[in-house]
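Asks: Sequences are here, hints too, so could you generate the full structure?
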Amino acid sequence: MDRFKRTPIAEQPPKVRSHNFKEVCLGYTEEEAVAEAKRCLNCKNPQCMTKCPVSVNIPEFIHEIAEGNFAEAAKVLAKYTALPAVCGRVCPQESQCESKCVLGNKGDAVAIGKLERFAADWAREHNIEVATAKEKNGHKVAVIGSGPAGITCAGDLAKEGYDVTIYEALHKPGGVLVYGIPEFRLPKDTVVKHEIENLKKLGVKIETNVIVGRTITIDDLFEKGNYDAVFIGSGAGLPKFMGIPGENYNGVFSANEFLTRNNLMKAFKDEYDTPIKVGKKVAVVGGGNVAMDAARTAKRLGAEVWIVYRRSEEELPARVEEVHHAKEEGINFELLTNPIEIVGDEKGWVKGIKCVRMKLGEPDKSGRRRPEPIEGSEFEFEVDTVIMALGTSPNPLIPSTTKGLEVDKRKCIVADESGKTSREGVFAGGDAVTGAATVILAMGAGKEAAAAIDKYIKSKYTN
Amino acid sequence: MYKIVDKKNLAPNIFSMDILAPRVAQSAQPGQFVIVIADEKGERVPLTICDYDTEKGTVTIVVQSTGCSTKKMAQYNVGDYFEDFVGPLGQPSEYVNEDINELKKKKVLFVAGGVGTAPVYPQARWFHERGIDVDVIIGAKTKELVILEEKMREVAGNLYVATDDGSYGFKGMVTNLIEDLVKNQGKKYDFIVCIGPMIMMKFVCKLTKELGIKTIVSLNPIMVDGTGMCGACRVSVGNETKFACVDGPEFDGHLVNFDEALRRQTQYKSEESEKGGQHVCKCQQGGAK
Numbered sequence: 001m002d003r004f005k006r007t008p009i010a011e012q013p014p015k016v017r018s019h020n021f022k023e024v025c026l027g028y029t030e031e032e033a034v035a036e037a038k039r040c041l042n043c044k045n046p047q048c049m050t051k052c053p054v055s056v057n058i059p060e061f062i063h064e065i066a067e068g069n070f071a072e073a074a075k076v077l078a079k080y081t082a083l084p085a086v087c088g089r090v091c092p093q094e095s096q097c098e099s100k101c102v103l104g105n106k107g108d109a110v111a112i113g114k115l116e117r118f119a120a121d122w123a124r125e126h127n128i129e130v131a132t133a134k135e136k137n138g139h140k141v142a143v144i145g146s147g148p149a150g151i152t153c154a155g156d157l158a159k160e161g162y163d164v165t166i167y168e169a170l171h172k173p174g175g176v177l178v179y180g181i182p183e184f185r186l187p188k189d190t191v192v193k194h195e196i197e198n199l200k201k202l203g204v205k206i207e208t209n210v211i212v213g214r215t216i217t218i219d220d221l222f223e224k225g226n227y228d229a230v231f232i233g234s235g236a237g238l239p240k241f242m243g244i245p246g247e248n249y250n251g252v253f254s255a256n257e258f259l260t261r262n263n264l265m266k267a268f269k270d271e272y273d274t275p276i277k278v279g280k281k282v283a284v285v286g287g288g289n290v291a292m293d294a295a296r297t298a299k300r301l302g303a304e305v306w307i308v309y310r311r312s313e314e315e316l317p318a319r320v321e322e323v324h325h326a327k328e329e330g331i332n333f334e335l336l337t338n339p340i341e342i343v344g345d346e347k348g349w350v351k352g353i354k355c356v357r358m359k360l361g362e363p364d365k366s367g368r369r370r371p372e373p374i375e376g377s378e379f380e381f382e383v384d385t386v387i388m389a390l391g392t393s394p395n396p397l398i399p400s401t402t403k404g405l406e407v408d409k410r411k412c413i414v415a416d417e418s419g420k421t422s423r424e425g426v427f428a429g430g431d432a433v434t435g436a437a438t439v440i441l442a443m444g445a446g447k448e449a450a451a452a453i454d455k456y457i458k459s460k461y462t463n
Numbered sequence: 001m002y003k004i005v006d007k008k009n010l011a012p013n014i015f016s017m018d019i020l021a022p023r024v025a026q027s028a029q030p031g032q033f034v035i036v037i038a039d040e041k042g043e044r045v046p047l048t049i050c051d052y053d054t055e056k057g058t059v060t061i062v063v064q065s066t067g068c069s070t071k072k073m074a075q076y077n078v079g080d081y082f083e084d085f086v087g088p089l090g091q092p093s094e095y096v097n098e099d100i101n102e103l104k105k106k107k108v109l110f111v112a113g114g115v116g117t118a119p120v121y122p123q124a125r126w127f128h129e130r131g132i133d134v135d136v137i138i139g140a141k142t143k144e145l146v147i148l149e150e151k152m153r154e155v156a157g158n159l160y161v162a163t164d165d166g167s168y169g170f171k172g173m174v175t176n177l178i179e180d181l182v183k184n185q186g187k188k189y190d191f192i193v194c195i196g197p198m199i200m201m202k203f204v205c206k207l208t209k210e211l212g213i214k215t216i217v218s219l220n221p222i223m224v225d226g227t228g229m230c231g232a233c234r235v236s237v238g239n240e241t242k243f244a245c246v247d248g249p250e251f252d253g254h255l256v257n258f259d260e261a262l263r264r265q266t267q268y269k270s271e272e273s274e275k276g277g278q279h280v281c282k283c284q285q286g287g288a289k
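Residue numbers (my numbering), protein chains in the order written: chain A, 1 to 463; chain Y, 1 to 289.
Please note that the accuracy of each hint is not assured.
Which residues of chain Y face chain A? A partial, calculated answer using Cβ under 7 Å [as the list claims (entries may be wrong)]: (1) 84; (2) 86; (3) 88; (4) 262; (5) 263.
Ranges between beta-carbon positions, derived for each pair [claimed, not checked]: (6) 22/A <-> 153/Y: 54 to 60 Å; (7) 77/Y <-> 69/A: 53 to 59 Å; (8) 128/Y <-> 404/A: 33 to 39 Å; (9) 191/Y <-> 95/A: 52 to 58 Å.
If you are wondering where the hints come from, they were derived from the structure by calculation, not from laboratory data.
Using N, Cα and C, we set each Cβ at its ideal position, and we do this for glycine too.
Replies: Below, the structure is given as structure tokens:
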């Protein structure tokens, strides 16, 4: 065995998977997982852990896999993360844990994410109970939003014995895991549903169809609900548009709309009522994971797809794996290209997109080289659908209906590192605080906030 | 699951249903709407609130069965349950926050078209409860499609009915009636609230702009989540893009780009014929708002 070479993992072939919504990556077999786990050097001073937002003891769980103790591996993971099967699939390991693996200096880093996924999947398939809750301590906490931040915060507090209720605005729990990330990257009925079930087993109650700020308010939670603390994990749900001419033509969608129709409302399945419009030629504007998800979804629905991104391949914010998969599936990339107008026909439907070529200038505040238009390089290409995947911002509803809750210029809730906000007893974390980021960062924030809430309530009742 | 505790047939293919949803009933205000999902595979259908009863914990919705989702909903009976019911959504009507003494000095006209009569009722009632009698026009194609007339009469000052074919009340469009009231009968209004089909709101706004009367409209574009997430409901208001679900649904009608809004409503019309197999109906009708 070559210690510096990663154990290959099975995937659906690109030509097959670009016509279905089944998961792309098929996961390791037991033998493959053991072989990959044995590559881990079990470093005395493991650097991988330093890059994990929830500080999973990575060598420990990998060691259990190497020994064939798969249930133990899952239990190690459960100490640190409420969503190992999710994180193993969607975390950007290449820029976090795996980026620090010493094997990476000479060859391939250990496939930490794929092993995490293996252990979590194995435990699920073998019905292993991984987490238990302490006896109820009689204190109530309300969690707003059932995405990664809310799930993590609720899970950690329930384990500590708190009586936790999650309020979710949509009709299904899971937040971005359900409406945003497609089935082919994160299966809903197996993986996500199971994680939610685990939460319920810990005693967490989930109330769907409750919009905090409309159906009830944070004041109601304190006054009528007798909650001791509230955690806001309401995410960043509002889509951005470019503000270019033609954006309201029929056939221009936000990635949020397109993905919500397909993922949450299951429009890709004939027996569901919600329609989806994909057209024959689709331009997806943006270069993040959401852009890749929208592009690959459109491809699966039968369209020819172009990603339009203003910087070069190197700056694509999407994970390398997602870009690689998209390319394999036949997604076209128009890089260093920026839309300037959407062109419509006489009935107001999209018929093309006008773009300008870009070049990279001096680095901007983000450290990335600033894209600048090349004069006279304007061109138009024919599409009938445009999907805008330009990022999202937090929903202002909760701050606007909660007195004393401070927000910053970007309408993000102001919270310190522990999640404490300007209002007593109210904590916040995840995209609602940071603006659109990753699943694992939101989970990290949910975890920090759970610890801070525990401390807050305990000190309130002991003084 | 949300229980249907009462159902009435208001007109051919138009039903009212009382849904048990205490939290929504408690928080609802004039101008707001709800989203209803009939069953597990159903669409999220936005519907206006026709009435709410905080004591009984019920919210009344009115459904016109025109699309596949609303046809599905119309088949539900008392004792059945809808899968999901969420709200109240959107901003309450602007006047709710106005100084009540200022409001009392104003003359207000409500113009309701078809099932748009349903959301006008709680608004007229809101004024009535505060000692203000508003004038109301109910417009419909023909007599049997006039709904909620008796309920409306209890809360309105003057109630006028207009039918396109003249089978009941004034013969003609609501625009003809507004013109008649203002030009011939010397009525003066400080503002108008107009709720009905998009095309009706367009022509009412065209007229009231000429007459110089401020007009509020309630828009019913395509929506998915109804909470600001999808942007399907975007509408141009005074050259700014707004999301009807969170910025509206009520806007200054003289600033709304109705031609764009009408066009955007047709976005999913062709999907109906494209769907193969046994489930051919994926039409988005937006429901009975």
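Asks: Are any of the numbered hints broken by this structure? If so, which, sorted upward?
Replies: Number 4 only.
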